[in-house]
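Both chains are sitting in their own frames, so use the hints and assemble them into the complex.
Protein sequence lines correspond, in order, to chains R and B. Read left to right, the first sequence gives residues 66 to 690 (our numbering). Read left to right, the second sequence gives residues 444 to 816 (our numbering).
None of these hints come from the bench; they were simulated from the model. Accuracy of the hints is not assured; some may be wrong.
[As the list claims (entries may be wrong)] Below, in silico cross-link-like pairs of lysine-lysine (DSS-like), each with a Cα-Cα straight-line distance of 27 Å or less:
1. Lys84/R x Lys589/B
2. Lys813/B x Lys84/R
3. Lys580/R x Lys473/R
4. Lys84/R x Lys519/B
5. Lys270/R x Lys212/R
6. Lys568/R x Lys473/R
7. Lys461/R x Lys434/R
8. Lys270/R x Lys311/R
9. Lys580/R x Lys434/R
Below are the chains, spelled out letter by letter.
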Amino acid sequence: MGKHHQVFRNHRQEHALTKSRVVVAAIFVLMMVGVLMGRLFYLQVVEHELYQTKANDNRLMLITEPPPRGLIFDRNGVVLADNRPIHSLTVIPERALSLPELKKALSESVDITDEEWADYESRLQDYRRPYQSITLKSQLSDEEWSKVSVDLYRLDGVQVEAQLTRYYPYGEAFAHAVGYVGRITTKDLERVDRSAYQGALFIGKTGVEEYYESTLFGHPGISKVEVNARGRIMSEIERQNPVPGKDLHLYMDARLQQYAYDLLGSYKGSVVAIDPNNGGVLAMVSKPGFDPNSFVRGISVSKYAELREDKRLPLFNRALRGGYPPASTIKPFMGLAGLEYGFSSWTETYYARGYYQINPNGRRYRDWKRSGHGWIDLERSIIESVDTYYYQLAHKMGITPIHTFLSKLGFGQTSILDLNGASAGLLPSNEWKKARYKEPWYPGDSVNVGIGQGFMVATPIQIATATAAMAARGHMYYPRMVSQIANEPATFEGNDGVEHEIKLKDQRNWERMVKAMEKVITDSRGTGRRLQGTDYKIAGKTGTGQVFSLQEDEEYDADNLDKRLHDHALFIGFAPADNPKIAVFAIFENGGSSAKPADLTKALFDAYLYDKYPKEYDYFKESSR
Amino acid sequence: MNVQFYQRILAFTNARLWRLTHVDVLLLLALLILMSGGLFILYSASGQNVAMVERQVLRLGIGMVVCLALAQLPPKYMRRASPFLFVFLVGLLVCVLLFGVGAKGAQRWLALPGGLRFQPSEIMKIVMPMMVAWYFANRQLPPSLKEIITVLVIIAVPSLMVAKQPDLGTALLVGVSGIFALFLAGIGWLYILGAAAVAPIAGYSLWHVMHDYQKQRVLTFLNPESDPLGSGWNIIQSKTAIGSGGLHGKGFLEGTQAQLNFLPESHTDFIIAVLAEEFGMVGCALLMCAYLLVIARGLFIAAYAEDNYARLLAGSITLTFFVYMFVNIGMVSGILPVVGVPLPLVSYGGTSIITIMATFGILMSIQTHKRAR
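So here's chain B without its partners, still in its complex pose (with noise of 0.2 Å):
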C-alpha cells in the first residue's frame, strides 16, 4: 500500500460528513461486513429460506438505526443516566422474579400493555458496564479494596438476579461486562490472581443455585457420550458438523450436517457449525478475522477514549462482545457448556441484535464526540 492510498483512506475515515453525522466508519464497515457475512451463512443454514434471511435483515436494519441513533448522544448524558438507569433496572429485574413471563421454566420477560414482551436483562448488559465506568469515572484509579468490593456487589447483584429467572447465558454475558469494566479500571494483578484461586469455589457454590437443567447441561458438556439421544445430541452432532467439514468445508449448501437436520438450532445458536460444515476451517478464520476487526476497532476507541468513564464503558462493551462470540463458539465446539449464547451478529433472531447494535451506537458515540484536539 502505497502512501497516498493510505493517506485518501484516512481522508475518508475523517471525512467532516462523518463527524457530522456521528459515524465511526471503520467501526460501520466492518459491523457491515461482519453482517453481510453472517446473512450468507444464514442462507444456507436456514435451509435457503429467503423469507428468514429477509427477516433478519430487517432486524439487523433497526440494530443500524438504534446505532446511529445512540451515537449521537453524547457520553455525558450517558455517564450521568447511568445510575439511574442501574436502579431502574434492578427494579425491573425484580418485577421480572416476581411477575415476569416465559417458557420452559424460565421467565425472563415482563408483559407490556399491547402484547408486548420486555426482556430487562438485555438492557442490563449495556447498563452493568455504564454503572461500573460512572463508577469509577469520579475515583481516583487504581481502585482500593473497599472500592473493589463496592462494584462487586453491584455486579453481583443484577448478575445473580439474572442467573435466577433463569438465564445463565445473560446472567455470565452482564457479570462478564461489569469485571471486565473492573479490569480495565486497573485493579491490581494480585487481586486478579486471587480471585483465580477462588474461582473453583464460586463454582461449586454456583452448582447450589442452579436449576436441574442447567445441571443437566454442565454434565452433559462434560460428558456429551452420556446421553447421546438426548441432551447430548446437540454437541455431538456440532462437532460432528465441524470436524466433517476439514479444512475447506464441504462446499455452500452443501453440509450434509445442516442440511439434512441432523444439526440442531443451525440458524440460531449452532450457526458456527453450519459455517465449519460447509467453509471448513478457513471459513471460521475468515469469519473470526471480521470479529477482529469490529473487536480491534472497539479497542482502539477504548484506548484514545477521552475520559476513564468512556474508556472503560467502551472496552467493557467490547470485551463483551468478545465474550459472545468466544462462549458461542466455545459451547458449539465442545470446550464450555451449552449456554444458550447466540453468536452476536450472525445467529437468527433474538434481541440480542439490538442490544448489540446499541452498545456500537455508545462506541461511536464515544469516538464522535471528543473534542477535537
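Here chain R stands alone, though its shape is the one from the complex (with noise of 0.2 Å):
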C-alpha cells in the first residue's frame, strides 16, 4: 500500500464520492425495478384479457365433425341421393417427410398428379394451424386405399380420412330435379353459417340438395380439445355430438321419373307429372340430364366446359326454365276466359274458315286446318283444336282479361313452393309490351296469344299446374317437391298461400271443359284419339308450338326443314278424368306433332295408374328402403 501515499489524496473524499455512487446505482437499480414492474403491470393486469384470450387460442382448438347429410327418398322409399363412405388421403406437413421424399414414398402405392402435388403446394404456403392436415388427394379408389394403408405405419404424417360423400344412383334422369351437392366455394359460405360448415365438405348446389339445405345438413358436431404446441391432442374439454340432417321424402315417383325420361326417347323436351290432390311433384324430367356425381366428385374443368358448350343445354333445367309456347294446350284455359267474362259460351256457334282475319284484306291468321271446321261451338273448338276459334275470341276479349283469368292459374308467376330458379314465363299485359316495346298492344298481339302464341311463354311446371288445377276443377295447388321431412309432413307458406281456389261465375264449367278435354280422346275426330282404348277415361288437350313463324302463304314441309325448326310437340293431359290422379305436361322439342307427348303421356298414366311398367324398372322396386 506503500504507493498511495506518495500522492496528495483525500481518501476520505474519494470514498465519499465513490460511496454516494453506490446511492446513485441503488436508486437506479430501483427504478429500473420500478419499470419491469410496470411492465409486468401492463401485461399482466391492464393487458391480461387479451393474453389470456391468445393463450386460450392457443390451447382450444375446435373441431367440427360434420353430421351426416340427410338422404333424398322417393314416394315410395327409393334412396335419391345416398350417403357412401370416401377416403382421402391427408398430410401434417410438420410430421410427413420433406417433399420429394414423400413423393418418392407415396409414388410406390398410390397415383397422385402434379395437379394434385401442384394443388398441394399451394395450400402449403396458404397461412394455417401448425399440425394441421392438409387434403392430397380425395377419394381413393378400394385399390389405393388398401395399398396406402399398409404403408401408413411408415408414412409419418399421411394418413387417411373416412368421409361421407354424396352418391346419387340413378343419376342423369332425376339431375335437375334432386339437384347435386358440390364443392363448398367462397361464395356459398356468404349464405351459410360459416362456423357450422367448418370441416365439411359439400353444399347443395341445385334443385332439392340446394332448397333444403339446412335441412338437409343438420347441425356439426362440436369437440374442444386442448391441443399441446404440436398440435397433438391432450384432453377433450367439452363435446356436442353433430345432429345428422333430416330425410326427405318426395311426392317423386323415382320409377315414373326415369320411365318419363327414357320415353323422351333421343328428344330433348321436359315432362312434369303433378298429383292434382296435392301439387306433389310426381315426375320433373328435363332432358338431356347429366351425371351429377360428377358434381360431387369435383368435375374437371375441361368436362364442365364440354357440358356448358353443349347445345343441347344439359345442364339447363327445361321444366322449370324452358320457356314455350303454350300452343294450342292453352285453348282449354282459354275457353274458361271466354266464358267467365263473357265472350262465348257453350251453345253459341262458330263458323270456322281456314283463316281469321280482323279486317277484311288485312293478315290472314291461319288455322292448322287449311279447309277450316265449318260451324263448330266451343267443345268442338277444344275437341277439334280449332285455331280460328280462338282467334277471334281473343280478339273479343283483348289482353286484360286473358292475363287477369290466366294469372289465377299461374301463368307468368312463379309458383312452385321449393325449388329455386324457376322462370316466370311470359304472360303479356298491356303495361309488359308498352314498358317493354314502347308500343301499345294491338289485337293482332291478342290474337296471337289466343292460340298461346305470340308473347306468351310459359315453362312446363307453369302448364302443368294449370293442368293439374283444370283436373282439380278449379283447385290449384301450388307445386311441391317433398311430401315429408323426416317423418313430419312437409309444411309450407308462401306469400300468396300455398293453393287457392278458382271460383268461376259457373262453377259447372270445369266439368264441362273437362268433358270437352275427355271428347278430345273420344271423339273420332279429337285431335288426341289416338289415345282411345283405355280401360279408364284421359281427358287431354294437343298441342304444337311453332319455332319460326311461316310466311301468310307458306306451307309447314318437316321433310324439308332442319331439324332444329321442327314444330315443339306438347300434350297436356290427366287421368283418370273423372277422378284423377295424375296431370301431365309432355314437350318434345322440335318433335313435330303431338303423337310423341300424347303416347308418351298415356304411357305414364299406365305406369302410375296400374303400375304397368316394363320389366327393367323393377330395380327400383327392389332398391326401396
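The structure is reproduced here in C-alpha cells:
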C-alpha cells in the first residue's frame, strides 16, 4: 500500500464520492425494477384479458365434425341421394417427410397427379394452423386405399381419413329435380353459417339439395380440445355430438321419373307430372340431363366446359326455366276465360274457315286445317283444336281479361314452392308491352296469344300446374317436391298461400271443360284420338308450338326443314278424368306432331295408375328402403 | 421486531465462525433464497423433470464451492493479479476469434485437451471490472478525461471482440461491467450526459457490425408480429404467457403456455415467463424481492468496502448482476431485444452460474477481509 501515500489524495473525499455513486446506483436499480414491474403490470393486469384470450386460442381448438347429410327418398322409399364413405389421403406437413421424399415414398402406392401436388403445395403456402392436416388426394379408390393403408406405418404424418360423400344412384334422369351437392365455395359460405360448415366438404348447389340445404345438413358436432404446441390433442374439454340432417321424402315416383326420361328418347324436352290432389310433383324431367355424381367428385374444367357448351343444354333445367309457347294446350284455359267474361258460351256457334282476319283484306291468321272446320261450338273447338275460334275469341276479349284469368292459373308467376330458380315465363299485358317495346298492345297481339303463341311464354311446370288445377276442377295447388321431412309432413308458407280455389261464375264450367278434354280423346275427330282404348278416362289437349313463323301462304313442310326448326310437340292430360290422380305436361322439342307427347302421357298414366312398367324398371322396387 | 431480536441477528451474522470462514452470511442467505425459488420454478418449467432439477442443484453446488473458495482469497491478491488476468484473457479472446469452436455461426469456445470446452468471454465478465478497478486503484478520483478515454479503450477492446464472436449478450455484460466501474469511480455527470447524447450514433454504427441473425433479432424485437411463426414466435408466446398469468397466476404446474410447450426455451432464457404465468405478478414481485436482497447486500458491501479497488469492483459486480436480471426480464417481457441472456441463478444450465457465483465469492472476500476497525 505504500505507493498510495506518495500522492496527495483525500481518501475520505474519494470514499464519499464512490459511496454516493453506490447510492445513485441503488436508486437507479430501484427505478429500473420499477420499470420492470410497470411492464409486468401492463402485461398482466392492463392487457391481461387480451393475453388470456391468446393463450386460450393457443391451447383450445374447436374440431367440427360434419353431420351426416339427410337422405332423399322418393314416395316409395327409393333412395335418390345417398351417403357413401370415401377415403382421402391427408398429410400433416410438420410430421411428414420433406416434399421430394414424400413424393417418392407415396409414388409406390398411390397415383398422385402433378395437379394434385401443385394444389397441395399451394395450400402449404396458405396461412394455416401448425400441425393441421392438408388433403393431398380425395376419394381414393379401394385399391389405392388398401395399398396406402399398408404403408401408413412407415409414412409419418400421412393418414387416411374417412368421410361421407353424396352419391346419386340413378344419375342423369334425376339431376335437375333432385339437384346435386358440390364442393363449398367462398360464395356458398356467404349464405350459410360459416362456423357450421367448418370441416364440411359439400353443400347443395341445385334442385332439392339446394332448397333444403339447411334441413339436409343438420348441425355439426363440436368438440373443444386442448392441444399442445405440436398440435397433439391432450384432452377433450367439451363435446357436442353432431345432429344428422333430416331425410326428405319426395312426392316423386322414381320409376315414373326414369320412365318419362327414357320415353323422351333421343329428343330434348321436358315432362312434368303432378298429383292434382295435393300439388305434389310426381315427375319432373328435363332432358338431356347429366351425371350429378361428377359434380360431387369435382368435375374437371374441361368436362364442365364441355357440358356448358353442349348445344343440347344438358345443364339447363327445362322443366323450371324452359320458356315455350304453350300453343294449343292453352285453349281449354282460354275457353274458360271466354266463358268467365261472357265472350263465349257453350251454345253459341261459330263458322270456322281456314283463316281469321281482323279486318277484311287484313292479315290472314291461318288455321292448322286449311279447309276450316265449318260450324263449330266451344266444345268442338277444343276437340278439334280450332285455331280460328280462339283467334276471334282472343280478339274479342283483348289481353286484359286473358291476363287476369291466366294469372289465377299461375301463368306469368313462379309458383313452385320448394325449388329455386324457376322462371316466371311471360304472360303479356298492356303494361308489359308498353314497358318492353314502348308500343301499345295491338289486336293482332291478342290473336296470337289466343292460340298460346306470340308473346306468350310458359314453362313446363307452369303448364302442368294449370293442368292439375283443371283436373282438380279449379282447385289450384302450388306445386311442391317434398311431402315429408323426417317423419313430419312438410308444411309450406308462400307469400300468396300455397293453394287457392279458382271460383268461376258458373262452377259447372270446369266439369264441362273437362268433358270437352275427354272428347279430345274419345271423339272420332279428336286430336288425341290415338289414345283411345283405355280402361280409364283420359282428358287431354294437344299442342304444336311454332319454333319459327311461317309466311302467310307458306306451307309447313317437315321433311324439308332442319330438325332444329321442327315444331315443338306438346300434350297436357290427366287421368282418370272423373277422379284425377295424375296430371301431365309433356313437350318434345322439335318433336313435330303431338303424337309423341300424347303417347308418352298415356304410358305414364298406365304406369302410374296400373303399375304397368316395362320389366326393366323393377330394380326401383328392389332398391326401396 | 424488538431490539433483542435484532441484536441476536446481528450477533449471528457477526459470529466468529463466519469471520473465520470468510462467509458473508447475509449474502449467502439471499443467494440461497433466490436459488431455491429458482429450482422451484425450474421443476415446473422443465415439465417436472427431476433429473434436470438435480443437475441444476449440482451446478449451483459447484458454484457455491467456487464462491466460498474465492471468498478465502484476500482482495489485494486479486488487485495485483488484475492486469495480468486481463491481458491473458484478451489473448484468449484473440485465440477464440482465430481457432474458436461453436455452433449456429458463433464461435465462443476454446477446445481444451480432454474434450473440455472453455469460454473466455465468461471469465471476462469478472476480469473486466477488476481491470477498471485496478486502473483507478492508484489514481485520484474523480478521473480525468484522459483517464476516462483510456478506460473506455480498455472496455471497448474485449467487448468488441466478444461481440465479434458473435455473442451480443455477453459483450453487453462485459461492456456494462466496465462502464459501471467507471461510473462508480465518479466520472462527471457531464460526461454521462454527453455519452447519452452519443449513444444513438453508437447504436447506428453497432448495427453495421452486427451479424444478420443479430439484426433479425433486433427487427423482431421492434415488431414481433411481422414474423409470427418464425423469429417472432418466442416473444409473442412469452408475452402471452406473462399476460395470461394475470395478477395471481394460473397455479403451480397449471400454466398452459409452459406445460403445453407453446413457450419456447421455457427452462432456460424464458423461465421468468413460466413464473409469471403460474404465479402471476405476485410471484414475479416476490422473485424480484429475492434479487433485490442480493443486490442490496452487494451494494452495501460496495459502499463500505475498504478501498477504491474493492468499492469499484464490488459495486460493478453487483450492478452487472442486476443488469443480467434486468436484460433477461426485459427481453422476455418484450421491452428489450432477445439477446440470449439467462435469468441469473434461475435459468437452467450454462457456465454463467459458475461465473456469477465466482463474483459473489469476490464480494464475500471483500466484505470479510476488511481490517477490523
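(message) Next pair to validate is Lys568/R with Lys473/R; report whether the Cα-Cα distance is within 27 Å.
(response) holds (10 Å)
(request) Compare the distance between the alpha carbons of Lys580/R and Lys473/R with 27 Å, and conclude whether the hinted pair is satisfied. (result) holds (21 Å)
(message) Holds or violated: Lys580/R and Lys434/R, Cα atoms, limit 27 Å.
(response) Holds, at about 23 Å.
(request) For the pair we were handed, Lys813/B and Lys84/R, check the Cα-Cα distance against 27 Å. (result) With Cα atoms ~16 Å apart, Lys813/B and Lys84/R stay inside 27 Å; holds.
(request) Take a quick look at whether Lys270/R and Lys212/R sit within 27 Å of each other, Cα to Cα. (result) Distance of about 34 Å is beyond 27 Å: violated.
(message) Tell me if the straight-line CA distance from Lys84/R to Lys589/B falls inside 27 Å.
(response) Cα-Cα ~23 Å, so holds.
(request) For the pair supplied as a hint, Lys270/R and Lys311/R, confirm whether the alpha-carbon distance does not exceed 27 Å. (result) Judged against 27 Å, a Cα distance of about 17 Å means the pair holds.
(request) Take the C-alpha atoms of Lys461/R and Lys434/R, compute the straight-line distance between them, and say whether it is at most 27 Å. (result) holds (22 Å)
(request) Please work out if Lys84/R and Lys519/B have their alpha carbons no farther apart than 27 Å. (result) Holds - the C-alpha atoms of Lys519/B and Lys84/R are around 20 Å apart, at most 27 Å.
Checked against the numbered hints above, the structure breaks only hint 5 and satisfies the rest.
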